[in-house]
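Novice: Next come the chains, spelled out residue by residue.
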Amino acid sequence: MIYRVTNIKKAKYEKRNDVIKSIRVTFNNSNVVMGVPIVTDNMDYVDLIKQVDAGELTIEDAD
Amino acid sequence: MSRARTFADLATASEAGSLASPNIVINGDMAVAQRGTSSTSTGYQTVDRLTLGVGQVSVTQSQQALTSGSPYEAGFNNFYRMANTSTSSNAGSYVQVTHSIEAQHIANSGWNFKSSSSFVTVSFWARSSLAGTYYVRINTDDGTTYYRIKAFALSADTWTKVTFTIEGNSNLTINDDNGVGLQVVIVPHYGTTFTGTNASTTAWFTLTSNEYFPDYAQNWGNTSSATFDVTGLQLEVGEVATPFKHESYGDNLARCQRYYYLAADGDNAPLGSGVAEAAAASSWVTHFPVPMRAAPSLEDVEGTNYYISWGGGATDTFDGMKSSDTSTTGVYLYNDSGLNAGGNTAGRGVIVSTNNASAKVAFQSEL
Chain R
1 MIYRVTNIKK AKYEKRNDVI KSIRVTFNNS NVVMGVPIVT DNMDYVDLIK
51 QVDAGELTIE DAD
Chain G
1001 MSRARTFADL ATASEAGSLA SPNIVINGDM AVAQRGTSST STGYQTVDRL
1051 TLGVGQVSVT QSQQALTSGS PYEAGFNNFY RMANTSTSSN AGSYVQVTHS
1101 IEAQHIANSG WNFKSSSSFV TVSFWARSSL AGTYYVRINT DDGTTYYRIK
1151 AFALSADTWT KVTFTIEGNS NLTINDDNGV GLQVVIVPHY GTTFTGTNAS
1201 TTAWFTLTSN EYFPDYAQNW GNTSSATFDV TGLQLEVGEV ATPFKHESYG
1251 DNLARCQRYY YLAADGDNAP LGSGVAEAAA ASSWVTHFPV PMRAAPSLED
1301 VEGTNYYISW GGGATDTFDG MKSSDTSTTG VYLYNDSGLN AGGNTAGRGV
1351 IVSTNNASAK VAFQSEL
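Protein chains in written order, with the numbering used here: chain R, 1 to 63; chain G, 1001 to 1367.
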């Protein structure tokens, strides 16, 4: 399967006021950081969940 | 084409109402490139609304200035280029550029996509360094994916206007929503893994054995330094390709910003105003200039002291930001100690901006 969010170093849920708000994604060999909202019409979020469902990505729990 | 033919086609288009139809494609003149003008990466990297897909080969995508030739004479000043930088003879190699159109933009366009007597027409200028027969594809996304393709011949290094009129079909599904409705895919190269005799050139079809097109006679993917150029991409309701609907850069940019908004690029660019809730916890609001297609992803370039907030005599540099409560019209952004924030005074208002020439903040909700 071809994914749109690739070369991921780490993906982690982010909380704000004890509520999960986004997924913070860092990348290998890049200082671009992505904050992906938890909404099903955001294609990056859809893509990350596809990677999780395929067993190819783990999104770390929020602190 | 003779002028008589042109006038006849325009008369037909006028009677059908399509002279007044907008170009459903956004940034078809390739003028807007918010992300940059050249990239060796795939995906959305240069010209807005175009995403590059590549397999087995390496391609540099870029926005190029157009200074002569037929499309220049038709009013275009830019084109999108794919340049082959690493060839492959692998059957699984491919190179394509895709423009995805929001479903509601098709559903509300006036095209009766369920009817075989209702049409849309795709047109664009294309040029390749390698002569041959190439393909353009239209496909749906909702329900069962249906494909419609057309071949077009190019002489080497010669701009050619391509037109492709497509009838509706009762099997098509295009929802009235903000997902993908139609994709226009222009294809310099597909290896034989993705080609074969099951691809119809005369009717809508569903995919069989991954055969999107007939076999390509030439091999752009295995031609060193080959280039493929596109500009003037238009999709309109009706069965005639009318002249390109040129628009101002500002109008074009605003349409692009529904999908990508470059909020700050470089030093001293304002990001918003907010409040310091603690020494290491400031939050602020950034509004988008137009409602975005969906709540967008934040993309920021992070580095030591790339950003700064100040207010009430205190200043605080920090390395990046996080997003919360993102909507289609704006977003709350914030920092914390993990991003090396820590110099503010709780309760004071703050203004936030970039603090480094390499800092960059953007929001994207591409299809």
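Keep in mind that the hints are not guaranteed to be accurate.
Said to hold, decoys possible - Computed footprint of chain G on chain R, listed as stretches where at least three residues anywhere in the stretch have a Cβ under 8 angstroms from a Cβ of chain G: (1) 33-41; (2) 48-62.
Unchecked claim - Not the full set, but computed from the structure, chain G residues with beta-carbon under 7 angstroms of chain R: (3) 1178; (4) 1279; (5) 1297; (6) 1298; (7) 1320; (8) 1323.
Calculated directly from the structure, the hints in this document are not laboratory data.
Since the model is a prediction, treat every value here as computed from it, not as a measurement.
Quick reminder that beta carbons are idealized off the backbone N, C-alpha and C, glycines included.
Novice: Answer holds if the nearest beta-carbon of chain R is closer than 7 angstroms to that of residue 1323 (chain G); otherwise answer violated.
Specialist: 4 angstroms, holds
Novice: Minimum Cβ distance from residue 1178 (chain G) to chain R below 7 angstroms?
Specialist: It holds, given that the least Cβ distance between residue 1178 (chain G) and chain R is near 6 angstroms, below 7 angstroms.
Novice: Against chain R, run the beta carbon of residue 1298 (chain G) and see if the smallest gap drops under 7 angstroms.
Specialist: 4 angstroms, holds
Novice: Taking 8 angstroms as the Cβ threshold, is the statement that the stretch 48-62 of chain R is covered by chain G upheld or broken by the three-residue rule?
Specialist: That given contact is violated, which follows from only 0 residues of the stretch 48-62 of chain R lying within Cβ reach (below 8 angstroms) of chain G.
Novice: Is the coverage entry for the stretch 33-41 of chain R by chain G consistent with the three-residue Cβ rule at 8 angstroms?
Specialist: holds (count 7)
Novice: Could you check if residue 1320 (chain G) really has its C-beta closer than 7 angstroms to a C-beta on chain R?
Specialist: 6 angstroms, holds
Novice: Can we keep the residue 1279 (chain G) interface hint, with Cβ of chain R closer than 7 angstroms?
Specialist: Violated: closest Cβ of chain R sits about 18 angstroms from residue 1279 (chain G), beyond 7 angstroms.
Novice: Mind checking the CB of residue 1297 (chain G) against every CB in chain R and telling me if the closest is under 7 angstroms?
Specialist: 5 angstroms, holds
Violated hints, listed in ascending order, are 2, 4; each of the other numbered hints is respected by the structure.
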